[in-house]
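Chemist: Protein chains in written order, with the working numbering: chain A, 1 to 332; chain B, 1 to 332; chain C, 1 to 332; chain D, 1 to 332.
Treat the hints as calculated values from the structure; they're not laboratory data. Computed from a predicted model, the values in this text were never measured in an experiment. One should not assume that every hint holds.
The list treats identical chains as interchangeable, and a pair is accepted whether it falls inside one copy or across any two copies.
No farther apart than 20 Å at their CA atoms in a straight line, the calculated lysine to aspartate or glutamate pairs in the EDC-like style are these [unchecked claim]:
(1) 323 with 3
(2) 323 with 133
(3) 323 with 278
(4) 323 with 56
(5) 323 with 208
(6) 323 with 98
There are 4 protein chains.
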Amino acid sequence: MIEFCLVGGGFIGPLHAANIASHPDARLRWIVDINIAAAQALGAKHGGRPTSNLDDALADPETHAVMICTPPRTHAAIIERAARAGKAVFCEKPVDLDMRRVEACGNVLTTTRTPFFVAFNRRFDPSHRALFDAIRAGEIGSLEMLVLSSRDPEISPPDYVAAMPYGIFYDTMIHDFDMVRWLMADEPIEIVARTACMLDATANPHRDPDTAMVILRMATGALVHVNSSFRAVYGYDQRIEAFGANGMLISRNRQPTTLERYGADGIRRDPLLYFFIDRYAESYARELDDFIQALEAQRPPSIGFNDGRRALQIAEAAVESAKSGVPVSIPD
Amino acid sequence: MIEFCLVGGGFIGPLHAANIASHPDARLRWIVDINIAAAQALGAKHGGRPTSNLDDALADPETHAVMICTPPRTHAAIIERAARAGKAVFCEKPVDLDMRRVEACGNVLTTTRTPFFVAFNRRFDPSHRALFDAIRAGEIGSLEMLVLSSRDPEISPPDYVAAMPYGIFYDTMIHDFDMVRWLMADEPIEIVARTACMLDATANPHRDPDTAMVILRMATGALVHVNSSFRAVYGYDQRIEAFGANGMLISRNRQPTTLERYGADGIRRDPLLYFFIDRYAESYARELDDFIQALEAQRPPSIGFNDGRRALQIAEAAVESAKSGVPVSIPD
Amino acid sequence: MIEFCLVGGGFIGPLHAANIASHPDARLRWIVDINIAAAQALGAKHGGRPTSNLDDALADPETHAVMICTPPRTHAAIIERAARAGKAVFCEKPVDLDMRRVEACGNVLTTTRTPFFVAFNRRFDPSHRALFDAIRAGEIGSLEMLVLSSRDPEISPPDYVAAMPYGIFYDTMIHDFDMVRWLMADEPIEIVARTACMLDATANPHRDPDTAMVILRMATGALVHVNSSFRAVYGYDQRIEAFGANGMLISRNRQPTTLERYGADGIRRDPLLYFFIDRYAESYARELDDFIQALEAQRPPSIGFNDGRRALQIAEAAVESAKSGVPVSIPD
Amino acid sequence: MIEFCLVGGGFIGPLHAANIASHPDARLRWIVDINIAAAQALGAKHGGRPTSNLDDALADPETHAVMICTPPRTHAAIIERAARAGKAVFCEKPVDLDMRRVEACGNVLTTTRTPFFVAFNRRFDPSHRALFDAIRAGEIGSLEMLVLSSRDPEISPPDYVAAMPYGIFYDTMIHDFDMVRWLMADEPIEIVARTACMLDATANPHRDPDTAMVILRMATGALVHVNSSFRAVYGYDQRIEAFGANGMLISRNRQPTTLERYGADGIRRDPLLYFFIDRYAESYARELDDFIQALEAQRPPSIGFNDGRRALQIAEAAVESAKSGVPVSIPD
């Protein structure tokens with residue numbers, strides 16, 4: 001039984017809290033939020049002692065693991081405190097947005113030999129995973145091209161956008177950059193990125209890019225394209241297409257129902273699942289299970305610190321290319 | 001080169017005329033219509049001498065084959081005249097609606113050893129044919145159930161309906177009865193039929209059945225369902241589903257384009273092809289080719305008199321069951 | 001909070017136990033099984049006191065509801081005991097296979113004014129429910145035909161088959177008979193049924209029908225077809241097609257993933273979900289929630305005793321028609 | 001009636017000859033091929049006088065239009081001779097591969113006021129056209145991204161590749177560059193291109209790029225991605241995806257039949273149409289009809305010299321970017 005301290009009761013926190021509560025080998029022991037009311041509400045629903053002081057939870061020897069659901073810029077400090085307290089860490093991406101801060105954090109993790117998991121949940125989506133398995137099984141031979149569409153139905157609120165410029169790379173495509181490395185078992189060596197502001201000033205007052213396309217060149221020579229938008233009115237659009245010497249694999253979108261409506265004006269199906277939490281519901285449950293199983297088996301979690309670091313490096317290079325207009329090499 | 005006399009320039013006649021004109025091994029030599037203007041119009045477009053007198057064409061030794069596109073109740077007499085004149089015959093279904101008349105006509109065909117083709121064009125649809133081939137190749141093992149949906153977008157005009165009561169069996173499902181025999185290589189031994197009038201009195205003033213369902217029991221024990229309607233507002237709906245010991249085959253509908261439209265209210269595709277001539281365009285061209293190849297190779301056409309006779313017997317049994325309410329045996 | 005006594009820890013029992021345990025407004029209080037070890041195992045996993053004596057649970061004033069997951073022939077007696085003890089009842093279908101026994105049970109429920117729910121879980125499948133909602137919203141106008149495919153991937157074990165002859169109607173199509181009534185808001189007045197034994201003697205030693213087709217005529221005149229098989233090798237095949245004056249609705253099957261595999265031999269997708277528990281996972285959770293909400297609101301559950309009685313009447317008529325060969329009227 | 005002189009009886013020539021022969025308003029008058037046997041063979045099949053001397057056809061006052069199906073490097077000279085002889089010109093793309101030669105040819109066309117059509121046949125594909133119409137009708141609002149997949153099942157023979165290095169841009173993607181301009185009614189201002197050699201030395205002995213990705217930035221700011229490969233083993237893969245403020249449109253691939261095969265290992269459909277002539281059969285017929293209608297109405301053909309020139313400019317810029325590694329501006 002793994003006893004969790006969950007830090008950050010807003011946004012994605014309640015989802016993780018529910019998953020912990022319903023996992024047979026996990027229990028919610030502490031809920032930490034600077035807004036104590038939020039912690040109390042979650043605790044009432046899923047168990048766990050509420051506190052606004054992380055030290056309460058870290059001092060508790062029965063706390064085995066810390067799950068970090070706070071805003072990105074707080075991650076590194078919490079990771080380090082948890083690591084120094086001897087707790088395993090499950091952290092929402094990214095580790096940090098500043099690469100030097102990331103490296104420093106990594107040093108602490110290494111020194112403390114902390115089991116660390118960065119939550120690139122898409123790796124656990126059943127369809128994406130089936131695509132991964134088919135590649136590994138050699139179904140399409142050597143990989144030649146990868147095309148990812150990664151589009152959100154809405155832009156984040158202005159405050160959120162202001163806090164993380166170029167979020168289209170740092171917050172959205174960072175998932176895809178991780179998928180590229182994982183699916184291809186290959187590293188990108190160069191990226192070229194283009195962006196646009198297509199939303200009007202009401203929706204996107206900070207004029208931060210809301211539309212983007214990149215091409216990545218991989219070490220093996222394979223080519224990758226990713227496109228993103230913050231205005232997919234038809235729902236959360238997440239597709240992966242892997243093209244190889246012997247065929248193609250496509251992981252398609254999902255819809256709430258299978259209903260088809262035939263009328264004189266055509267055949268209509270549901271729009272896509274609109275919210276990422278619906279789209280990736282299984283992924284969240286499965287990534288938690290993966291982390292728990294790793295702790296119980298005393299093996300490293302399947303997505304580690306270096307995966308978080310690499311995805312951020314690629315995102316940084318994308319931002320640099322978008323700003324400068326020229327292709328940017330990605331360091332090893 | 002097969003020289004054709006086409007009889008009946010209305011309805012389906014122009015389609016057959018165009019197919020003959022564009023077939024490399026065929027030529028339109030005569031066009032017979034009691035309305036000489038119709039014959040002239042077709043002749044101007046596709047070649048062929050217009051006449052209102054069938055004897056002109058039958059007396060011509062260069063006429064090899066007669067294609068009959070006239071109303072059903074005239075078929076048998078024209079078949080017999082053509083057969084006695086030594087011409088091969090390609091006839092739209094049915095031979096006749098009266099079984100004794102059909103048998104008499106069959107005797108003439110036998111005596112005259114006339115190459116005879118009854119135009120169950122659906123056998124030549126590429127998707128239905130692929131389903132047939134997959135069954136024959138043993139892909140789904142022994143056949144256990146067959147389900148056919150056979151729905152027209154509109155009811156025929158009142159005059160047409162009045163001229164052929166129970167047209168839902170005699171005119172529409174008769175195609176499916178032929179498909180059942182062909183696909184299964186098996187004969188039905190019993191049918192039970194139910195009908196309904198769902199259209200209102202404006203659309204269906206004669207209150208002839210516009211909706212029907214049947215179950216057929218085959219000699220091998222396999223079960224078959226067919227359903228029909230004259231009100232498929234979303235287009236001409238023609239599907240076949242074959243269920244066997246090792247799997248299932250479905251021949252689906254076709255749409256004019258592959259366009260998908262994603263919007264906030266869902267994903268929309270084209271309605272089905274609306275008109276049977278669009279839906280079965282290839283079938284008409286291919287059945288003509290089959291007939292021509294049979295004549296050239298001096299082998300019997302692939303759909304013969306007995307196929308026409310059997311489909312009519314099943315339709316008759318369907319009408320009897322629909323009227324009496326009880327299951328009806330189908331004679332050998 | 002509704003406290004449950006679950007009776008019958010095998011087969012479908014563990015699924016219901018898990019759903020009760022994870023429902024925020026429910027708790028598993030008692031688990032009754034004549035095999036006490038089974039009750040203990042479930043209790044260890046989901047909470048609840050194990051017992052082999054139903055009276056223990058019925059005597060407990062804190063027990064609010066009894067969930068019956070035992071074999072069909074034990075249902076009626078347990079329903080009556082629970083009703084007389086003043087407990088609400090959630091019962092797997094059928095109430096019983098003998099209509100007189102069903103009626104007697106119904107009298108007890110009426111006298112005791114017991115909240116009663118019969119678990120036709122398919123009504124809660126999201127896609128079937130969306131089809132229901134679209135019919136109710138008038139999207140396809142008046143209903144004219146309904147076509148249901150209801151096919152299991154495997155036949156039940158011989159013992160199970162021996163205990164319930166004509167299970168293809170009593171156990172499988174009974175779900176569809178309920179769906180027909182629910183979707184159409186209409187009652188069937190006549191049924192004609194045909195069956196076949198397509199499996200060999202190893203798989204189906206009792207030669208009980210493993211393949212069936214029926215046509216139902218509804219009070220409004222609409223026609224319904226249902227087909228079933230116990231050998232859908234490609235998975236659990238559950239489709240509903242509603243045809244109306246203004247269009248058609250199809251509730252399609254589901255697959256484990258959305259992966260498409262393109263190769264030189266074609267495009268391949270997953271087979272269907274194989275097991276009914278996977279196919280209808282949401283349905284089971286949602287039907288429980290419906291029952292709990294009804295109890296909390298003190299309104300009758302949405303599927304009641306009469307629904308169970310009617311579905312059984314239709315199944316009985318189907319058996320009679322299959323045996324006699326003639327259409328059978330269905331009493332009011 | 002438009003009388004055609006077809007130049008070049010190989011490769012795509014026979015297809016055009018057949019389309020001319022079956023068009024009601026066109027006739028094949030001359031067939032010119034330096035291989036007189038090829039001209040004779042086509043003439044025997046579709047009519048038209050064979051010759052190896054273009055001047056014969058150009059001197060004939062009854063020749064209205066010249067259709068050019070010869071290898072690319074011969075196009076410009078034939079265009080100019082036809083233009084000077086006062087004939088309308090229908091030319092397979094490209095006009096030439098050298099931009100100065102193209103400009104010179106354009107001057108001749110202008111001076112002679114020749115009706116000129118460059119055969120970007122994809123504009124006439126029914127599904128692509130439906131996508132175009134939906135954009136124009138405003139169905140998805142303003143265009144923000146366009147994603148085109150344009151993949152051939154095989155690489156051209158080595159001789160052909162040697163004669164046109166970077167054919168992946170000059171011969172394949174040039175179609176897509178035209179589609180981008182046509183669909184978006186917008187001009188690209190910059191391109192960045194990446195290529196790879198994924199085929200082995202046997203299939204691709206000249207090591208010419210067989211795999212490519214580009215990003216185009218349009219004058220309006222919209223972003224475009226195109227990817228190509230010469231090894232789509234599952235068939236000729238041609239998809240267009242238009243993303244806009246109000247939704248998305250996808251023009252999907254086509255398959256020979258609609259057959260679905262359900263087995264224990266999944267659901268399989270046909271691979272894609274393999275050959276571009278099958279995939280774009282309607283397009284070839286429709287582009288011819290468009291040209292003929294333009295001549296008859298004395299209006300300019302719908303795809304003109306500037307369309308050919310612009311597509312080539314974009315292809316040139318793509319080659320330059322692929323070679324240099326940096327983004328390349330596209331002149332007006």
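Chemist: Determine for every hint whether it applies to the structure shown.
Modeler: Results for each hint:
1. For the identical chains of this complex, residue 323 and residue 3 are neighbours neither inside a copy (45 Å) nor across copies (57 Å), given an alpha-carbon limit of 20 Å.
2. Taking identical chains as interchangeable, the C-alpha atoms of residue 323 and residue 133 are never at most 20 Å apart, the minima being 36 Å within one chain and 35 Å between chains.
3. Proximity of residue 323 to residue 278 under the C-alpha cut-off of 20 Å is found in neither arrangement, the shortest distances being 34 Å within a copy and 44 Å between copies.
4. Taking the closest pair of Cα atoms, residue 323 and residue 56 never come within 20 Å of each other, the shortest separation being 44 Å inside a single copy and 60 Å across copies.
5. For the identical chains of this complex, residue 323 and residue 208 are intra-copy neighbours only, at 12 Å inside a copy versus 32 Å across copies, given an alpha-carbon limit of 20 Å.
6. In this assembly of identical chains, the alpha carbons of residue 323 and residue 98 lie at most 20 Å apart only when taken from the same copy (17 Å versus 34 Å across copies).
Hint violations for this structure: numbers 1, 2, 3, 4, all remaining hints satisfied.
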